[in-house]
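Since the structure of chain A is already known, use the hints to place chains V, C and W on it.
Residue numbers (the numbering used here), protein chains in the order written: chain A, 1 to 282; chain V, 1001 to 1282; chain C, 2001 to 2282; chain W, 3001 to 3282.
A few of these clues could be false.
[Said to hold, decoys possible] Calculated cross-link-like contacts (lysine-lysine; reagent style DSS-like; alpha-carbon spacing at most 25 Å):
#: 1; chain 1: W; residue 1: 3113; chain 2: A; residue 2: 199
#: 2; chain 1: A; residue 1: 103; chain 2: W; residue 2: 3103
#: 3; chain 1: V; residue 1: 1199; chain 2: C; residue 2: 2113
#: 4; chain 1: V; residue 1: 1113; chain 2: C; residue 2: 2113
#: 5; chain 1: C; residue 1: 2020; chain 2: V; residue 2: 1113
[Unchecked claim] A few chain A residues facing chain V, derived, Cβ under 10 Å:
#: 6; residue: 46
#: 7; residue: 53
#: 8; residue: 57
#: 9; residue: 60
#: 10; residue: 73
It is worth saying that the hints were derived from the structure and are not from the lab.
Since the model is a prediction, treat every value here as computed from it, not as a measurement.
Virtual Cβ for every residue (Gly too), placed ideally from N, Cα, C.
Protein chains: 4
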Amino acid sequence: MIALAENRYGKSRVRLVQVKRRGDRNDFREWTVEILFTGDFASCFVEGDNRNILPTDTMKNTVYSLARESSQTCLEEFGQELADFFLDHNPQLSSTQVSISEKSWEHLLVEGKPHPTTFVQSSSELQTSETSRARDGASSVWSGLDNLVIMKTAGSEFAGFLKDSLTTLPEAADRLLGTALRARWKYSTMDVSFRTLRKSIRQILLGVFAEHISKSVQHTLYAMGEVVLQQIPEVDEIELNMPNRHCLLVDLSRFGQDNPNEIFVPVDEPHGYIEARIRRQD
Amino acid sequence: MIALAENRYGKSRVRLVQVKRRGDRNDFREWTVEILFTGDFASCFVEGDNRNILPTDTMKNTVYSLARESSQTCLEEFGQELADFFLDHNPQLSSTQVSISEKSWEHLLVEGKPHPTTFVQSSSELQTSETSRARDGASSVWSGLDNLVIMKTAGSEFAGFLKDSLTTLPEAADRLLGTALRARWKYSTMDVSFRTLRKSIRQILLGVFAEHISKSVQHTLYAMGEVVLQQIPEVDEIELNMPNRHCLLVDLSRFGQDNPNEIFVPVDEPHGYIEARIRRQD
Amino acid sequence: MIALAENRYGKSRVRLVQVKRRGDRNDFREWTVEILFTGDFASCFVEGDNRNILPTDTMKNTVYSLARESSQTCLEEFGQELADFFLDHNPQLSSTQVSISEKSWEHLLVEGKPHPTTFVQSSSELQTSETSRARDGASSVWSGLDNLVIMKTAGSEFAGFLKDSLTTLPEAADRLLGTALRARWKYSTMDVSFRTLRKSIRQILLGVFAEHISKSVQHTLYAMGEVVLQQIPEVDEIELNMPNRHCLLVDLSRFGQDNPNEIFVPVDEPHGYIEARIRRQD
Amino acid sequence: MIALAENRYGKSRVRLVQVKRRGDRNDFREWTVEILFTGDFASCFVEGDNRNILPTDTMKNTVYSLARESSQTCLEEFGQELADFFLDHNPQLSSTQVSISEKSWEHLLVEGKPHPTTFVQSSSELQTSETSRARDGASSVWSGLDNLVIMKTAGSEFAGFLKDSLTTLPEAADRLLGTALRARWKYSTMDVSFRTLRKSIRQILLGVFAEHISKSVQHTLYAMGEVVLQQIPEVDEIELNMPNRHCLLVDLSRFGQDNPNEIFVPVDEPHGYIEARIRRQD
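This is chain A alone, in the form it adopts within the complex (with noise of 0.2 Å):
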């Protein structure tokens, strides 16, 4: 027999700016929201009923009334609140997942002071919150961040490795280390300040990375992982992924020139690929 397992189905990029206007100042923020129901659809799947399905232009014009009503400026409250709205006036659905990214905007620094109605797009980092509700009461809230690029141009070895008869890499006791960071974390209350801890957090992963005397990418995601959960007791776990984007020293003896480190060809593709989730245990 044939049958339908796992099925999701929803709305994907809802892009959304709000323009808080408070008096002379205003905020602004970009999310961009995606919205996914689980539930018994077979009936929608296999015959073709729709009578059950929310259209997913629905979940669309409902990001933008809540975002109107709503009084919430963080990712992982607004995206409560949607969750709680879709799981409440929908009773087919067995659970329904929001996630929201927020683009860098900050105000613009004119003569050093933030302008208050302009902004500017102040990295391509990303601000990151997943939230899941279901019907039986289990929820979770993720928060992360995506697309953090940074560099270490000291404090980073590769030695020691495995070598077979195809390895040609040699050892490095100085090489740069350069990543896009994609961290997500668990928080094990929604009873927290998300937006403190998210600036914590943050800063840690940061602050780790710059510090660690790197043996390897997974040394240091490893030790950026660790002191979070050490520090922040609200976090459960912690995923980390962070490719390993090479800078290829350039072999200029072909010149008689030496290369003291200092001259690099950075290298899109391929990539090393590293990631690991760490958590408390018993």
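Coordinates of chains V, C and W only, in the frame set by chain A:
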């Protein structure tokens, strides 16, 4: 206590072009390979001990070296060969996963005939495979395709859906249905002709997409997967992902014109998201 | 004194899907239109006087409204219709330029036959056109194509080149030659069958690329353009852009293996850049 | 007769990372270089004679070799050095053009202080330069920036514009104005501090953008360029490109809600296109 949970490392985007020179006629293939290792790498992550770490650069070298020796010409078989090689030569691994995608290149037609040594990239569709091998013997092969961009201009409706106070979507008796299909299916055995089955499954997916009287994307997605499972006994399960790439009917009544389902704006975002897994069940 | 020199404004990326419903069989086209206006807009730039500024939103509306009325099915003719419309209705313009690109969609083959209402995006190649109309009567039509990705695995060498102290490239008697062709050609008259000529020119470009015994990208580029001008008297000049997308031979001797021109790494960057304009001369 | 008209060849996307190691503190730069050669290359194009063709691979090597020797740290000066080198060593050239773009990397702040050897990619803005040198002595330096993404949430209207029968855009007394600024400016002399002037010009562009009471994108673009020319005598002309990246006000009245200019949908396409060149005039 803080501990390492899941972790993986490897090399992504290893690109390979192979030219087989057979007399006057050449074969041309372009593959992109990703290799991921799983094992007990805690000492590397936690202590910076690299003795069990085969460099990802070596994984890259291995792809090229094995490609030279191998007589395999299909993704799945070369993927198995790579996975076997890594598992055999690296006792520290518990499992390895090899993913390969192939670009669409065809002999260029010159005056109606395939030119023996000139090729054209015939679409942005990718053929894909993922081979997982575990030390304890468990293994699996998934084959698939990605970014197959297709469109129905008839035989698609979306009506009878759930409406709430935020629903503004009109019912559509005759809408455009476009998607960028991603599919992957799992074989129950390695002892199949991957190339022949891939071709058959692709034809089934496209044939059902074309002929189906669609009540929704979900409805068509399920029908496509169901027929694959009905006709191809070697396939155990199939996953389909069909984003709904909307084409919006332009309101020309503002200009005193009708629009009998002829003039549309295609939009990339937001888009619907529909995915399901369909499998055999006892 | 400070003054406004050249200036242009308009609308980019106006996307249009057209479905022509002819009994059981449909036609499907996807175009992206750009419209640029030139004229005396100094008062707008300098003083903020918008009285001569037709909104770019109106340009977009015009594309959809004219598409509904038009019987034109080829890029060049619809481009002329748009350009004429804007020039006729906007005395403030000195000239207008309309660029249209068309995606490659074809009827899906089902059991070997074109399905009447299902389509597949058959490649990432674009067909292009640029129509310029000036108030004083001067006008031009360029047609072209973009992102036609092609590869020669034989008949291409690169040798006998200039060598200086920084040259390390070995001479190659038999290298891969791949490119993403962009071409555009100018017609000497509007009174041609754009569709027929486009097809012929595309076939000439591809045929010469396939058959040419190439001494360099430049050599093949010129040969391609030359034959177009020789065989198509309606074309005045042709511009060709052929980035050299390198496939680097992998050095397998490090592993005790030979590599008889079979195993390559394709790289996206850096790439060679070769462009030329070829024209008739008295 | 058929003849070669304009032609150029060279190397694109030569990527370079430079680390200057100054005691405990490092400098880090990431540049992408493009080199184009112009000269009498007809024999290469027409006859396949490569004797005057310096391989583009050699151009790439030259970038790395000169970067090692050079003490230049700003784009414009290294661009001149490269252009001079190629022109001096290659009598077959009539001119050469070197374009360099620099990614935005900054020292990472750790506990409020710049970390000496850790860097963060601080935005997706690029700093650019284009140096052209001709054999006969003519030369020019353009500096610029690209992809500077900025947004005004106040001080921008668009009203009083031309309306025709296809105009549906409402007048806006208070709209969002967002763009991805691309600018380049030409210096009247080489004898300037490129780094200081770049900083000043960037500040002027941003300051005017922030403070301008905008009647249109054109109006603000002109004001930005005008102030640069007024305040920086070393700049002869400036070109500005400011696509209008629309944020559309969401119609919430369908849901019984108002929208006092707070909830918007940002859209990537279509977008307005506005460009102008502003220059000194006698």
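Hint check:
Simply put, residue 3113 of chain W and residue 199 of chain A have alpha-carbon atoms about 16 Å apart, close enough for the 25 Å limit, and the pair holds. A C-alpha spacing of about 19 Å is found between residue 103 of chain A and residue 3103 of chain W, which places the hinted pair at or below 25 Å, so the restraint holds. The straight-line distance between the Cα atoms of residue 1199 of chain V and residue 2113 of chain C is roughly 16 Å, inside the 25 Å bound, and the hint therefore holds. A threshold of 25 Å between alpha carbons decides the hint, and for residue 1113 of chain V with residue 2113 of chain C the separation of about 20 Å falls inside it, so the pair holds.
Between residue 2020 of chain C and residue 1113 of chain V the CA atoms are separated by roughly 32 Å; this puts the pair beyond 25 Å, and the hint is violated. Given the 10 Å rule on beta carbons, the hint for residue 46 of chain A holds: about 6 Å separates it from the nearest Cβ of chain V. Using the Cβ-Cβ criterion of 10 Å, the hint placing residue 53 of chain A at the interface with chain V is satisfied: the shortest such distance is roughly 5 Å. Hint status for residue 57 of chain A: holds, given a least beta-carbon distance of 4 Å to chain V, under 10 Å.
At about 6 Å, the closest approach between the beta carbon of residue 60 of chain A and any beta carbon in chain V falls short of 10 Å, and the interface hint on this residue holds. For the restraint placing residue 73 of chain A at the interface with chain V, the shortest Cβ-Cβ distance is roughly 22 Å, beyond the 10 Å limit, so the hint is violated.
In this structure, the earlier hints numbered 5, 10 are contradicted, and the remaining ones agree with it.
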